Amino acid sequence: MENLLQVKFKYGVKNRALSFVYTSSFCIAIAALLFVLGVSSSMGPTTVLSLCIGWSIHLTFVIFGEAVDRLLPPYLAPIPQTAVGLLFGLVAAGSIIHGQAFYFFADNYATLIIGVFFGILGFVISASRTRLLAAQAELAQAETRRQAQEKLLLETELKLLQAQIEPHFLFNTLSNIVGLIRKEPDAAEQTLLNLTTLLRSSLKRTRAQSVTLGEEFTIVKAYLEIQAIRMQGRLHYEFSPQQWAKDKVLSQCPLPPLLIQPLVENAIKHGIDPCEAGGNVVVTAQCNNDELHITVADTGLGINTHNTVAPAANKSGNGTGLSNVRNRLKTLYGGKASMSISDNSPTGLIVTLTIPRAQ
Amino acid sequence: MTTSAIVVDDEPHLVDYLVGKLKVLWPELDIVGTAMNGRSALSLAHEVKPDVAFLDIHMPGLSGLHVAEALSADIKVVFVTAFDDYAVDAFQRAAIDYLLKPVSDARLMQTIERLRSAPGLDRSGLANLIGDMSHQPKAYLQWIRAGLNDTTQLVPVQDVVYFKADLKYTEVYTSDGQYIVRRSIKELESNLDPNQFWRIHRGVIVRVEQIAMAKRDFRSRYTITLRDHPDVLRASQSYGHLFKNM
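Chains as they are written, first to last, in the working numbering: chain A, 1 to 359; chain B, 1001 to 1246.
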């Protein structure tokens, strides 16, 4: 922030000096023009008059500009400033040239023409200054927004990664492997391979901007297989379409990592695991030319909002995973991607992601 | 006299594993039953009256801690968990031992020695501990079932930027959408965490962390700009005190 302020300040000083030089050159140019056209007979007084009016209008803008901008709409703001500046300029020029403050050159066309010119100049300065201020404010705002977004993106990514290999999950999975190793060596091997897939992906995926749906499904499948081993019969899952691995268009569809698994995890952790009877998770993906739709539906506890108080089973942060995904979509896509959550029938949740297809 | 035991864990492979290990390391132990959730563990214990209960802590429904609290005092409890995110020290006083999964033979052997020699423990302190752990001042609203066009959506309260009263209903604004709830703003207010949401107007409740700037006008009303939403809100005079020291 400090840097930004410094930049703005420097920019402001440089800009002011420059615009003063512009005004002065403009004044001299007008005086010269009037002399060449024969409107004024002598170069000296015309230049003095021109500079007096120009500088005093310029000064009025510098001194009162911000206050007037706040009080009046942008298209009205230059009028009083130009008028006051013009008046002061005439008084000053009158004093200098004729030694008479209220000598208004009423008989001289040059005065009128200079007045009109400066009226226009006033508008131009004011308009450009308003634009400049707006641009500066926008720049500052955009910078703050960008920083906030970057921070949010990193934060959500970190949270999602931490959630991915939770210690509870890791140690329970290892215990299951130890338990299976003699009794069901094949299942133990498969679980170990699945765990490896998950661990590898969590190391690799933060660095990748984009993965394919096929890769992401492989990871989600590994995760679901491990959970199914752990929950034995309490968890059933399904991918739709079931031949997703063979569907080239679908499996090659690019998407950012760390979006689907948090949804599946949320469905198991807060939907199915707290249910003694268990339940079903269905992961569906569909794509057309413009969008990718991913749906994670579960038949777990769902969310009880009938009694406004959250049920005890949901108190352990249901929604933080979902919120992380929502934040991530927002930082990655702005308003172009969306996540919607609705009730599944008869119980459970349906979470749908809609992501624009990156080209 | 032989010792009897029950083994409780929501993951069946882990039940099998522990039962298998116990059979090898403590052949005289009579494992009289297993259970996969807290509720069935309690009814099992009631039915078979074991001397020892191996209890997993994290289980659907009733947790292992709650089961231990409800068991009669002469049943010796061993907690088994995957990760020591619970107050291990505190619960060690109420249990004979506290095992981390996966359990090694050597570690399980230690537990068996303790079970053989230790007398039963008084678990009366456990109720207070559980009470302390699960003590929640007030549960606030976490989800809002809200309408969007013709569909009903679930909106996490933590995504809400502000609420605005609309006659009997309330409009809900998130950073990327607008929903409607069939509830009055007053009804909603009583279920929102007052540390997170401020009422700034008769008909407006705003999330505190979404307030980017509060600007005072000459009638000492505040104009509020938001972080994640372009709307500008007005706070009425009577809520001005909220922004006095901002």
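Read the hints as simulated data drawn from the structure, not as lab findings. The reader is advised that the hints may include incorrect statements.
[Stated by the list, open to error] For lysine-lysine, the following PhoX-like pairs were computed, each having C-alpha atoms within a straight-line distance of at most 25 Å:
(1) Lys183/A x Lys1023/B
(2) Lys221/A x Lys204/A
(3) Lys183/A x Lys159/A
(4) Lys1021/B x Lys183/A
(5) Lys246/A x Lys204/A
(6) Lys1215/B x Lys1164/B
Just so you know, these numbers come straight off a predicted model, no measurement behind them.
Against the structure, the hints:
no., hint, verdict
1, Lys183/A x Lys1023/B, "holds (15 Å)"
2, Lys221/A x Lys204/A, "holds (17 Å)"
3, Lys183/A x Lys159/A, "violated (36 Å)"
4, Lys1021/B x Lys183/A, "holds (12 Å)"
5, Lys246/A x Lys204/A, "holds (24 Å)"
6, Lys1215/B x Lys1164/B, "holds (20 Å)"
When the structure is compared with the earlier hints, a violation turns up for hint 3 alone.
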